[in-house]
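Chains as they are written, first to last, in UniProt numbering: chain Z, 1 to 286; chain U, 1 to 156.
Hints listed in this document are in silico derivations from the structure and should not be mistaken for laboratory results. All clues stand as given, with none of them false.
Have a look at the derived ranges for each label pair, beta carbon to beta carbon:
(1) U:Gly69 / Z:Glu101: 29 to 39 Å
(2) U:Gln147 / Z:Glu72: 33 to 43 Å
(3) U:Asp105 / Z:Arg137: 17 to 27 Å
(4) Z:Arg90 / U:Asp105: 38 to 48 Å
Chain Z residues, not near chain U, derived (Cβ > 10 Å throughout):
(5) Glu24
(6) Gly29
(7) Ala121
(8) Asn126
(9) Ala155
(10) Gly163
Derived coverage of chain U by chain Z (criterion: at least 3 residues anywhere in the stretch with Cβ under 8 Å from a Cβ of chain Z; other residues may be distant):
(11) 103 to 114
(12) 131 to 145
Note that the structure is a prediction, hence the values are computed from the model and not measured. Positions of the beta carbon are idealized from the N, C-alpha and C atoms, including for glycine.
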Amino acid sequence: MYSRKDQRNLTRTEKKRLVDAILELKRSGRYDEFVTMHRQYYVTDAEGRPRAAHMSPSFFPWHRRYLLEFEEALQAVDPTVSIPYWDWTRDNTPAASLWAEDFLGGNGRSGDRQVMTGPFAYRQGNWRVSGGATDGRFLTRNFGRPSAPVDLPTAADVDRAMGDPVYDAAPWNSLSTTGFRNRIEGWGISGTRRVANHNQVHLWIGGSMAGAGSPDDPVFWLHHAYMDLLWARWQSAHPRSGYQPGSRLPDDDPQRDHVFAGDAPLPPWDETPSQLLDHTGVYEYV
Amino acid sequence: MDPTAAASGEAAGGRGPVRRAVLRTAFTATVIAGTGGALAPVLLRGPGAGAPEERGAPEPERFWERYRGREIRGTATVMVPAGGQSRAGEAASVAGVPDVEVRVDGRPLHVMRRADGSYLSTVNHYESFPTLLATARAAVDEIGTSQLSTASPHTN
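Excised from the complex, chain Z in its bound form:
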């Protein structure tokens, strides 16, 4: 049992140990395997094949298991570290300590969006990205996307999602207009609502985080730890609301073979959403 802390409360030493462990995974090649894995499981809801990670009810359990594997890799380097969470409703400016020189570094520069500060700046020599859409090997960010401005979601945005007592709902994809899952995953829906919460944060950071290589930016893990915390908090707020769909969808449901019910093993771990519902006993949020 270990703690996942709010990144704003980390000591200077805790930040350094975490950064050093991440850099070691990068050096060994392990980090880039995680980036590749995230690309592999990015399946859209027009593709007609199983979707474990996105546009799907198993968005939360898949990413919980993914973070656990990453955290295990970190702890093999340094047993004292864990993935902190970033509450972006609170630390919601580029001036937040998250983006300081001693932690994740700051925004990308104008032009090529290259991050120039902090331990993940290309010029430090320790961080060459592998999964990006552009040919540069440097980490990129584009805070707030000035070309089409986007803000970070607010506490009120999160509260609205948390208030939905249903975990997920038909059509069980990026077009689900109700249910906690897609309100947090945050797909924009034509004529109904704009990009929100989880997706909106990917857009606000921009650069690497907006694209196919989003885990190239270490903030990915802190963002998803917060998503994981919100899932746990939602469960506590709605103790009678279970994971949906609880069992395999009926024969005539077009999503039957494309989404993972509570008892369906999630690749690549072969663990079911039901087995991943409860994190207590493994870690706690403090």
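Starting from the known structure of chain Z, fit chain U onto it as the hints suggest.
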């Protein structure tokens, strides 16, 4: 530079590979006579950049333009089962997935679709766009002065 100046349904003519057998047909047309294979390519064309953007209802498109100093171009070629019938629900959208090609300064932008027919790209993975043109412009906005990677997308 006016980013929309060169965009129209005709703009691809004389620029790059010209497809002469342009079939003016509805997006849902499915039967192509005389094709031996299982799939028949149908190049579709749209009204160009002047059309209103309808989220979730992408128009068949073909465009070329300069946008923020970058050359962007795109075509949608719909692969349809020859003589096949659309099935209900998600299967229908899968049957109609177009073989799309979008390039920024000559480099391919890998494009995917959502269940509502809108497009995503490797540059914008968390937001979708109603047209290929909007997808290409958003990619240019996001990458700044960088060039797209020449590596194949989603290779393992």
